[in-house]
Amino acid sequence: MTKGRLVGLEGSFAIAEAVRMVNADVISAYPITPQTHIVERLAEMIADGELDAEFICVESEHSAMSACVGASAAGARVFTCSAGQGLELMHEVLYIPASMRLPVVAVAANRALSGPLSVWCDHSDAMALRDIGWIQIFAENNQQAFDLTVCAYRMAEDQDVLFPAMVHIDGFYLSHVTEDMELPAEADVADFIPDYEYPFVLDPAKPVSMGCYGPPFIYFEAKMAQNVAFEASKSKILEVWKVFKETFGRSYEPVETYRMEDARTALLTMGSISESAMLAIDELRSEGKAVGLIRLRLWRPFPFAELREAVKNLDCLLVLDRAISYGMGGPVCGEVKAALYDKRQDLAIVSYIAGIGGRDVTLDEFKYMINRGEEKAQLVTLGEELEPEIIGVRE
Amino acid sequence: MRGEGERNDLEQAAELFTPLLLTTDENFAPGHRACIGCGEALAVRHVCKALGTNVIVVNATGCIEIFSSLLPQTTWRLPWIHTLFENVGAVVSGVESAYKARIRKGKIPDRGVKFVGIAGDGGTTDIGLQALSGALERGHNILYCCFDNEAYMNTGIQRSSSTPYGAWTTTAPVGKHSIGQMTWKKNMPEIVVAHRIPYMATACPSYPLDLMEKVQKGLETEGPAYLHILSVCPTGWRCAPEETIEFGRLAVETGIFPLYEVINGDYRMSLDFPVLRPVKDYLRRQGRFRHLTEKDIDRIQARVDEDYAKLREKAGVK
Chain A
1 MTKGRLVGLE
11 GSFAIAEAVR
21 MVNADVISAY
31 PITPQTHIVE
41 RLAEMIADGE
51 LDAEFICVES
61 EHSAMSACVG
71 ASAAGARVFT
81 CSAGQGLELM
91 HEVLYIPASM
101 RLPVVAVAAN
111 RALSGPLSVW
121 CDHSDAMALR
131 DIGWIQIFAE
141 NNQQAFDLTV
151 CAYRMAEDQD
161 VLFPAMVHID
171 GFYLSHVTED
181 MELPAEADVA
191 DFIPDYEYPF
201 VLDPAKPVSM
211 GCYGPPFIYF
221 EAKMAQNVAF
231 EASKSKILEV
241 WKVFKETFGR
251 SYEPVETYRM
261 EDARTALLTM
271 GSISESAMLA
281 IDELRSEGKA
291 VGLIRLRLWR
301 PFPFAELREA
311 VKNLDCLLVL
321 DRAISYGMGG
331 PVCGEVKAAL
341 YDKRQDLAIV
351 SYIAGIGGRD
361 VTLDEFKYMI
371 NRGEEKAQLV
381 TLGEELEPEI
391 IGVRE
Chain B
396 MRGEGERNDL
406 EQAAELFTPL
416 LLTTDENFAP
426 GHRACIGCGE
436 ALAVRHVCKA
446 LGTNVIVVNA
456 TGCIEIFSSL
466 LPQTTWRLPW
476 IHTLFENVGA
486 VVSGVESAYK
496 ARIRKGKIPD
506 RGVKFVGIAG
516 DGGTTDIGLQ
526 ALSGALERGH
536 NILYCCFDNE
546 AYMNTGIQRS
556 SSTPYGAWTT
566 TAPVGKHSIG
576 QMTWKKNMPE
586 IVVAHRIPYM
596 ATACPSYPLD
606 LMEKVQKGLE
616 TEGPAYLHIL
626 SVCPTGWRCA
636 PEETIEFGRL
646 AVETGIFPLY
656 EVINGDYRMS
666 LDFPVLRPVK
676 DYLRRQGRFR
686 HLTEKDIDRI
696 QARVDEDYAK
706 LREKAGVK
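Chains A and B are the protein sequences, given in the same order. 1 is the number of the first residue of the first sequence in the numbering used here; add one for each residue after it. 396 is the number of the first residue of the second sequence in the numbering used here; add one for each residue after it.
No lab work stands behind these hints, which were simulated from the structure alone. Some hints here could point you the wrong way.
To be verified - SDA-like mimics (lysine to any residue), calculated; alpha carbons at most 20 Å apart, straight line:
1) Lys206/A / Thr469/B
2) Lys502/B / Ala205/A
3) Lys500/B / Pro194/A
4) Lys495/B / Phe200/A
5) Lys502/B / Pro199/A
6) Lys500/B / Ala190/A
7) Lys495/B / Asp191/A
8) Lys502/B / Glu384/A
9) Lys500/B / Val201/A
10) Lys206/A / Ile503/B
11) Lys444/B / Ser209/A
12) Lys713/B / Gly660/B
13) Lys495/B / Val201/A
14) Lys495/B / Ala43/A
15) Lys500/B / Tyr196/A
16) Lys502/B / Asp191/A
17) Lys223/A / Leu466/B
18) Lys495/B / Lys223/A
19) Lys502/B / Lys223/A
The whole structure should be built from the sequences, with the hints applied where relevant.
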């Protein structure tokens with residue numbers, strides 16, 4: 001393996017580099033803030049001959065994903081990206097590659113949903129995609145945005161997987177921010193992501209019917225088969241990350257922990273906010289508090305076992321959501337509670353909602369959440385029911 | 396310039412029609428689940444004969460997809476994909492682009508595969524219009540066939556923007572305050588022509604040789620080609636199944652559905668009628684128009700006459 005280059009790259013450009021290095025055949029996208037820099041950069045690469053791919057400049061996100069589905073079924077390696085309202089417009093089509101087992105790879109530059117109109121980051125768009133049947137991974141910084149996009153291709157295209165994969169990056173926080181990162185040598189990425197042959201490709205030499213009509217006597221079985229295969233994809237996801245570590249030296253886990261060695265309290269986060277949370281944990285640790293951080297990297301398939309393992313010594317878990325499930329609370333917290341209910345009914349789980357529509361979450365707010373969380377956990381242990389607490393909103 | 400009563404080559408050829416001139420291969424296999432007398436099933440069968448086997452078919456949700464792909468069976472002897480109702484234009488763009496890229500990159504040989512999108516009138520003139528417009532505008536090398544049975548038929552005869560004025564449907568019912576469909580049929584062929592694509596034609600399975608010839612022309616066209624195919628629906632039109640071919644002919648002979656081509660902007664009548672049959676010959680025999688008064692029919696006649704005259708003018712027929 002050749003040593004990679006240390007470069008300063010915007011998150012969007014890092015993703016475009018990943019798509020170029022995996023040698024995508026078809027890119028189909030519609031511009032939407034804050035995803036635009038990714039497609040602009042890819043269009044530029046194609047225009048300059050740095051990437052040999054068909055660029056379908058579609059008229060909507062619905063068509064962007066539809067063209068990816070067609071191209072993937074015809075055996076191409078494809079890419080698209082979107083954000084916020086665009087992902088919502090794409091929503092109907094997102095189920096199709098999952099049920100047809102097409103390895104489409106997409107990046108979501110996470111953005112709040114209307115109204116009022118907001119182009120800034122939160123995870124409302126990602127949460128609306130909870131049940132689409134895609135492998136979904138959250139990145140925290142630009143290095144991860146690159147690495148995880150590369151990994152997404154190997155995961156999706158594994159012949160035992162053949163499911164679409166989506167990498168979530170926080171809009172603006174990553175898409176528009178330049179960070180230093182290591183860009184691997186192209187040849188190494190090419191070795192890691194070799195060309196693949198889609199086994200059921202649309203080809204007159206061997207006609208297949210794809211996307212047939214399923215009456216009640218067969219639909220349920222098809223869905224069951226999809227779910228079984230999707231759950232089974234997790235072992236391959238772990239395998240890809242293992243090979244990635246061996247090849248490039250950076251490791252990824254479905255659930256990652258930070259300073260959890262003796263922690264009785266932990267905060268759980270997703271996305272770029274995790275790096276700010278690490279600073280808060282460092283400060284609290286220097287004040288002598290035994291607190292740690294859990295970062296949920298793999299959102300689907302949900303990492304039940306890894307999450308249970310991560311919380312096994314905890315008395316108190318604080319879950320930070322960047323989305324609101326209206327009338328319910330934080331969607332991630334709901335999932336975490338559901339995942340832990342069978343094994344850890346003694347664990348106090350506290351829900352926080354913060355950073356909605358691009359509102360920054362300050363170091364003090366993280367520290368408040370952790371300190372106040374422990375008090376709240378006491379109340380939970382005493383049998384009190386707690387509503388999710390919203391942090392950082394003006395009263 | 397022909398006199399009244401003279402017939403063109405095509406009409407004569409239709410009379411001399413012999414199956415020996417056509418392939419006996421059925422790329423759209425028998426045994427599908429279409430209603431009896433379905434004009435669309437017939438049209439698809441003809442289209443598939445003309446397509447040959449070196450094509451990939453992308454289908455929208457609609458009658459055809461429903462009656463041809465009920466799991467675990469398929470009527471398609473061609474590679475076929477269906478995803479959603481409104482996205483055929485985009486999916487076929489993706490398929491075409493994938494082949495283009497993979498051939499250029501040396502991943503697969505160029506075997507001259509062609510790409511065909513098919514949809515009903517709902518999937519074309521209503522919900523699928525945007526994706527189709529995008530595909531035409533981008534200039535993909537595709538053939539798009541709209542099978543127009545003038546309503547949402549597989550969900551039970553609801554109006555579309557392709558339903559003709561005055562027709563009864565379940566969502567445009569006839570009542571004290573309603574004549575049925577209150578708007579005029581959207582002129583999809585002209586919308587397509589406005590995209591300035593190289594080939595646009597209208598066709599009907601009542602004229603099978605004309606239909607197949609147009610399919611072949613569409614396939615051979617470099618760039619986007621569009622066929623608008625009238626597909627008689629006895630179930631939704633409230634007519635007898637054995638009358639399908641006849642109604643297709645009546646639609647053409649009355650000028651309600653003229654057969655014409657637009658090749659690189661040049662109009663050409665495939666069949667021309669200096670004197671059209673009265674529209675009432677067509678309307679009066681269908682249950683969906685049963686409620687129309689003489690005045691209503693006169694109104695439709697005036698509109699058909701006007702449109703047909705405009706079309707003849709564009710085609711340079713005096």
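How the hints compare with the structure:
Under the criterion of a C-alpha separation no larger than 20 Å, the hint pairing lysine 206/A with threonine 469/B is consistent with the structure, at around 14 Å. About 16 Å separates the Cα atoms of lysine 502/B and alanine 205/A, which keeps this hinted pair within 20 Å; it holds. Only pairs whose Cα atoms come within 20 Å are accepted, and lysine 500/B paired with proline 194/A is accepted, the gap being roughly 14 Å. For the hint linking lysine 495/B to phenylalanine 200/A, the alpha-carbon distance of about 18 Å falls within 20 Å, and the restraint holds.
For the hint linking lysine 502/B to proline 199/A, the alpha-carbon distance of about 15 Å falls within 20 Å, and the restraint holds. A distance of roughly 15 Å separates the Cα atoms of lysine 500/B and alanine 190/A; the hinted pair therefore holds under the 20 Å criterion. Between the alpha carbons of lysine 495/B and aspartate 191/A the distance comes to roughly 24 Å, so the proposed pair goes past 20 Å and is violated. Taking the CA atoms of lysine 502/B and glutamate 384/A, the gap is near 63 Å; set against the 20 Å cutoff, the hint is violated.
In summary, the hint linking lysine 500/B to valine 201/A is supported, as the alpha carbons are separated by about 17 Å, within the 20 Å threshold. Restraint check for lysine 206/A and isoleucine 503/B: the C-alpha separation of about 14 Å stays at or below 20 Å, so the hint holds. The hinted pair formed by lysine 444/B and serine 209/A meets the criterion: a straight-line CA distance of about 18 Å does not exceed 20 Å. For the proposed pair lysine 713/B and glycine 660/B, the alpha carbon gap of about 19 Å is at most 20 Å, so the pair holds.
Proximity of lysine 495/B to valine 201/A is assessed by CA-CA distance (about 15 Å); at most 20 Å being required, the pair is judged to hold. Between lysine 495/B and alanine 43/A the CA atoms are separated by roughly 17 Å; this keeps the pair inside 20 Å, and the hint holds. For the proposed pair lysine 500/B and tyrosine 196/A, the alpha carbon gap of about 14 Å is at most 20 Å, so the pair holds. This hinted pair checks out: lysine 502/B and aspartate 191/A have alpha carbons roughly 17 Å apart, not beyond 20 Å.
Simply put, lysine 223/A and leucine 466/B have alpha-carbon atoms about 14 Å apart, close enough for the 20 Å limit, and the pair holds. Between lysine 495/B and lysine 223/A the CA atoms are separated by roughly 33 Å; this puts the pair beyond 20 Å, and the hint is violated. Restraint check for lysine 502/B and lysine 223/A: not satisfied, since their Cα atoms lie roughly 33 Å apart, outside the 20 Å limit.
Checked against the numbered hints above, the structure breaks hints 7, 8, 18, 19 and satisfies the rest.
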